[in-house]
Amino acid sequence: MNGLDCIVIGYHAGDFDDYRLMCEQAGPDSPERQIYRKEHLVVDGRPMPWLEAFSHLRNRATGRSDRYHVGEVFNLATLYLTNHLRRHGYTAEPVSLFGAEQEQLAALLAERPRMVAITTTFYVNILPVVQIVEFVRKHAPDTHIVVGGPLIDNLCLGGLTETLQDMFFAMGADSYVQESQGEQALAEVCAALTAGVPLDGVANVIHCPEDVWTLTHRRPEANDLDACSIDWSGFTAQQIGATAQTRTARSCAFKCAFCDYPSRAGALATASVDTVRHELRALADKGVRNVVFVDDTFNVPPKRFKELCRMMIEEDLGLRWYSYLRCSNARDEETFDLAARSGCSGVFLGIESGDAQVLQNMNKLAQDSQYRTGIARLKERGITTFASIIIGFPGENARTVANTVDFLNETAPDFWRAQAWWGNERSPVYRSKELYGIKGGAYSWEHFTMNSREAAAHCDAMFDAVTASTWLPLYDFDFWSLPYLAGKNVSVAALKPLLETSQRLMRERDAASPDPVRMAALEREFADSVAALDVEPAKYQW
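Just so you know, the numbering used here puts the end of the sequence shown at 542, numbered straight through with nothing missing.
Think of the hints as simulated: they come from the structure by calculation, not from any bench.
Hints are not guaranteed to be accurate.
Stated by the list, open to error - Below, computed lysine to aspartate or glutamate pairings styled on DMTMM-like, alpha-carbon distance capped at 20 Å:
hint : residue 1 : residue 2
1    : Lys379    : Glu410
2    : Lys488    : Asp29
3    : Lys496    : Asp534
4    : Lys379    : Asp368
5    : Lys488    : Asp285
6    : Lys255    : Asp368
7    : Lys488    : Glu536
8    : Lys306    : Glu279
Work out the full structure, taking the sequences as your base and the hints as a guide.
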């Protein structure tokens with residue numbers, strides 16, 4: 001009998017060179033190429049993402065082999081599913097970052113687990129899954145592999161087409177879970193494998209009993225967040241680290257026109273304040289100093305948000321927290337006071353646009369004045385702000401982009417980033433594609449007022465035009481690296497000059513006629529600043 005029922009595998013970052021080639025092949029004026037240019041540096045003649053460049057320069061100065069990666073913050077989906085299986089009486093172990101934990105994974109696979117579960121929270125194509133499956137097959141060829149999560153849910157929205165049949169064979173797993181939640185299906189797959197019975201009786205599973213992938217019966221899951229809360233005592237302090245993610249809600253209360261997540265995730269569901277209290281106590285007992293709430297709208301509903309803040313003030317656990325935040329739902333001074341007093345250190349603001357008409361087209365239900373007030377109130381209280389911007393949504397033009405530039409320079413959030421609109425053909429705006437003249441999707445689209453290449457060009461121009469806020473890279477970084485690096489003793493005050501130098505470096509490198517002398521000076525400045533930091537060692541090594 002197997003001693004280990006399941007290994008749950010989290011994020012696979014993939015190879016940056018593969019990503020670079022994909023972006024370069026998209027064309028010089030494509031959004032993919034534009035995004036790539038503004039998220040990498042060149043060290044020793046090799047392009048690498050920001051944190052990898054940071055790691056190499058640190059190691060050059062210290063003689064260590066540290067690999068700093070935001071994936072060091074343990075993958076929440078992996079912990080959540082491991083916890084869920086354990087609560088159902090199964091033995092399960094989590095692996096957070098596939099590329100950095102292959103030795104540990106190989107040791108676990110040597111135990112011949114009954115099942116390996118692969119999460120797909122951040123994937124937009126099947127390549128990461130293929131690579132994980134190949135590794136598992138090499139080390140445990142008889143183990144049942146099940147894949148679930150957003151990638152599978154998205155792929156299945158059009159039905160089990162011939163193309164999707166081919167994709168399932170290409171990924172190479174034994175079964176797939178089609179359900180936006182899926183944790184109950186995973187437990188039932190484990191039960192069926194333990195009992196040695198077919199998967200036909202398990203809801204929401206796609207399997208291949210006779211050379212054709214077929215879906216078992218559908219049964220929407222409605223898992224209770226209080227009942228499914230993580231028992232953090234089951235994980236070691238070394239696994240969790242100084243920064244941890246948790247969630248207090250599922251889905252989103254809003255229906256932005258560019259996003260189909262609420263329609264897939266169902267109605268907003270929340271955990272009780274007491275459940276959150278117990279989780280935070282457990283995390284503090286494990287030595288956690290920074291908590292990331294991954295809820296899509298942490299401060300919604302507003303009354304509950306205040307209750308959560310008062311609870312954190314009452315508990316006084318010494319935790320700093322980070323989250324998404326909607327300025328339009330932070331409606332009074334008390335909200336900002338409670339957030340600051342409860343330990344709020346930074347917020348991700350989905351601003352999207354600084355133009356009223358574009359915001360209306362997006363169905364953001366937010367006004368320019370609310371954004372301006374919110375950013376000002378947050379900054380007054382020393383809370384770090386990051387503004388995420390979408391360029392090119394239907395209705396966007398040169399004037400609306402200029403309004404967004406003005407907005408950023410006038411409100412001066414600590415950090416910002418703009419990206420071309422990604423045309424999600426399942427999002428609500430596509431129901432009005434004739435109204436806007438939308439053709440195409442993903443990063444290849446056009447509509448009556450702009451196309452994807454023009455949006456990429458505007459993003460490039462904004463990189464130079466926004467001077468009151470600091471650009472954040474995306475690949476292996478994003479806003480969520482701020483709490484990760486805070487857990488490594490790198491404060492925002494220490495990080496911001498590094499990012500400003502790297503922004504100047506990117507600007508010089510991408511200029512029509514780069515100045516090699518200035519480039520060399522900026523490279524030395526960046527390397528010296530990285531070397532001068534007092535950074536705690538990384539969990540992972542090269």
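Structure-based check of each hint:
Restraint check: the Cα-Cα separation between lysine 379 and glutamate 410 comes to about 13 Å, which is no more than 20 Å; the hinted pair holds. This hinted pair does not check out: lysine 488 and aspartate 29 have alpha carbons roughly 37 Å apart, beyond 20 Å. With a C-alpha separation of about 15 Å, the suggested pairing of lysine 496 with aspartate 534 holds against the 20 Å cut-off. Proximity of lysine 379 to aspartate 368 is assessed by CA-CA distance (about 17 Å); at most 20 Å being required, the pair is judged to hold.
With a C-alpha separation of about 18 Å, the suggested pairing of lysine 488 with aspartate 285 holds against the 20 Å cut-off. For the proposed pair lysine 255 and aspartate 368, the alpha carbon gap of about 18 Å is at most 20 Å, so the pair holds. Between lysine 488 and glutamate 536, the direct Cα distance comes to roughly 5 Å. Compliance with the 20 Å bound is thereby established for this hinted pair. Pair hint lysine 306 plus glutamate 279 holds up; C-alpha atoms about 18 Å apart against a cutoff of 20 Å.
In this structure, only the earlier hint numbered 2 is contradicted, and the remaining ones agree with it.
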